[in-house]
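Asker: Spelled out, the chains give:
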Amino acid sequence: MNLLSLVLVNLGRNKRRTILTLLSVTVALFLFCTLGGVLDTLQESIKFGSETRLVTRNAISLIFPLPLTYRGRLEAVPGVKQVAVQNWFGGRDPKDERNWYAQFGVDENFYSIYANDMEIVAASPPQTPMEVPAGIVPQLQTYFAEQNACVVGQKLLEKNGWKLGQTIYVAGTIYPGNWPFTIRAVYHAKKKSFGEETMFFHWKYLEQKGMHGQGQVGVYVLDLNQPERAADIARQVDALYENSAAATRTESEQAFQAGFVSMYGNIPFVLRVIGLAVVFAILLVAANTMMMAFRERTSEIGVLKTLGFEDGTIFRIVLAEAALITVGGGVAGALLAKWALESSGFNFGGFLPPMTVYWSTVLTGIAIAAVLGAVSGLIPAVRASRLKIVDALRRVE
Amino acid sequence: MAAVKVVDVRKIYRRDSQEIPVLDGLSLEVASGDFVGLMGPSGSGKTTLLNLIGGVDQPTSGQLIVGDTDISKLHGRALAKWRSRNIGFIFQLYNLIPVLTALQNVELPLLLVRMSGKERKERAMKALELVGLGDRLSHYPRQLSGGQEQRVAIARALVSDPEVLLADEPTGDLDKKSAAEILSLLEQLNKQFGKTIIMVTHDPHAAERAHRVLNLDKGVLSN
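Residue numbers (the numbering used here), protein chains in the order written: chain A, 1 to 397; chain B, 1 to 223.
It cannot be assumed that every hint is accurate.
With a straight-line cut-off of 27 Å between C-alpha atoms, the simulated BS3-like cross-links for lysine-lysine are [what the hints assert, rightly or not]:
(1) A:Lys192 with A:Lys81
(2) A:Lys95 with A:Lys209
(3) A:Lys388 with B:Lys81
(4) A:Lys191 with A:Lys81
(5) B:Lys121 with B:Lys81
(6) B:Lys218 with A:Lys388
(7) B:Lys126 with B:Lys177
(8) A:Lys192 with A:Lys163
(9) B:Lys5 with A:Lys388
(10) A:Lys155 with A:Lys204
(11) B:Lys218 with B:Lys5
(12) A:Lys388 with B:Lys73
These are computed hints drawn from the structure, not numbers from a lab.
Put together the whole structure using the sequences plus the hints.
Answerer: Quick look at the structure:
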């Protein structure tokens, strides 16, 4: 036997209470790290953006389109290598409205601009060989040959049990109708933040069937050959349309993504407050438990002191008991949150990258659990160490 | 040579603004290897005197010399360390730790001494064998009778081989037979191992086992 085993034996004295306290700390830290995971995922989504790309959107709001006619002038801006168009489709699965995923209408340049972010891992073979636009992988031949072809993420394909070559239907909300799409390629995200639960299809298909050839674009993605001049180029672009009916706002892809995240408003703040409130509530529970445990053992503490245990040793024993419960619960809760969130693959319907919990969040959770242990154990530990033997033993008789 | 020397010791407890004198200039000498019975009515100061001799409480004034140490000058860590090496306590209600086995309870005082786990275990086993509980090592206090619990408590008091054993009504919670066994064990420790024993008791039969009996009344020794 040693002092640690004495601490462990004390924890086993009232197993039900110890387990319930441990579980309450586990649940609290699970919630804290889960909420932290949501914030981490929002943070992760900002990482998606590249510094070598700019996004040009309508200056009023993201929901207003830009004219297709801007494309030529954007391509002519010095420092811009190529321009892609991208439109949010916002469709739903007609069979299951809860099965929601993101769909974007994109042009051919999109695939060359994002070649470093995605990789085609499966594609329908072409009936007859044909050329694909420059800078695009040859696997997309069949995709480019069919108007209603689409490219889907690997996870989205697996999640829905789809197969290459299958025709799926999407019910349009912004662009009404039942839209058939044939899966002609599957991509794997080279970067986690790019996500694998999105569907990309021909922007022209959307423009013709959904917008009736009005020549409207959601956003332009500008690939730069002089990324160090990104700020200048953005200013130059916006200056082109300063006084037009559809003024533009150009920003780095990261800033664009961050702006997108800011649409969640004060949710990050609310999540932090909820997380801390849960931890504070558990602090009170843990402190109460430790005080109860101390009161029940007052006479035993007196006996230990009579045997020669010093005040400091008693202080450490009581504090170690509190710390073991809270750190044990904290480690379990934090790791459980990381495992549960990351293995769930949940990605807010493709709006955000798959849920992630940073190790820094896990460590913060464990550190909070340690502080919880120190704070909840401090008062009983101080009282135990200051307890006079005579007073402690008197309670027995 | 005196194992315990109490010189003009006063102990006054303070409750709010009220002063309650418990020991009033008490002096006492207990020779090494003596077995002293301490009797007296409730509230006479017997336990207080035992606590002072054991370094569990501090006198208001006076001198307490145990062995060759003036413990009235020791405080905090030094006093705790001294207690762990020089005094063995035996309580009326045994005061064993209920979640520890008999062996672990006896090992407790040795956790404060630099000693290997193996050696600690061996010494604790020997102490339990000495009190006749060599076959109850892994029993928890709730699995033992009152007499057996008190034997474990005696083994715990003995294990660090202190010079002085202080017993506060060690038979107060036992039936006649168990009480007689415990008293015989104390006698054996006194005779065979030369332990100095000071035993507080209300029981005249128990007091008969002591070499001499002191009566304490209102904080003063009366015989």
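Asker: Now tell me, hint by hint, if it's right for this structure.
Answerer: Results for each hint:
no.: 1; hint: A:Lys192 with A:Lys81; in the structure: holds, 25 Å
no.: 2; hint: A:Lys95 with A:Lys209; in the structure: holds, 22 Å
no.: 3; hint: A:Lys388 with B:Lys81; in the structure: holds, 16 Å
no.: 4; hint: A:Lys191 with A:Lys81; in the structure: holds, 22 Å
no.: 5; hint: B:Lys121 with B:Lys81; in the structure: holds, 21 Å
no.: 6; hint: B:Lys218 with A:Lys388; in the structure: holds, 24 Å
no.: 7; hint: B:Lys126 with B:Lys177; in the structure: holds, 24 Å
no.: 8; hint: A:Lys192 with A:Lys163; in the structure: holds, 23 Å
no.: 9; hint: B:Lys5 with A:Lys388; in the structure: holds, 24 Å
no.: 10; hint: A:Lys155 with A:Lys204; in the structure: holds, 26 Å
no.: 11; hint: B:Lys218 with B:Lys5; in the structure: holds, 20 Å
no.: 12; hint: A:Lys388 with B:Lys73; in the structure: holds, 18 Å
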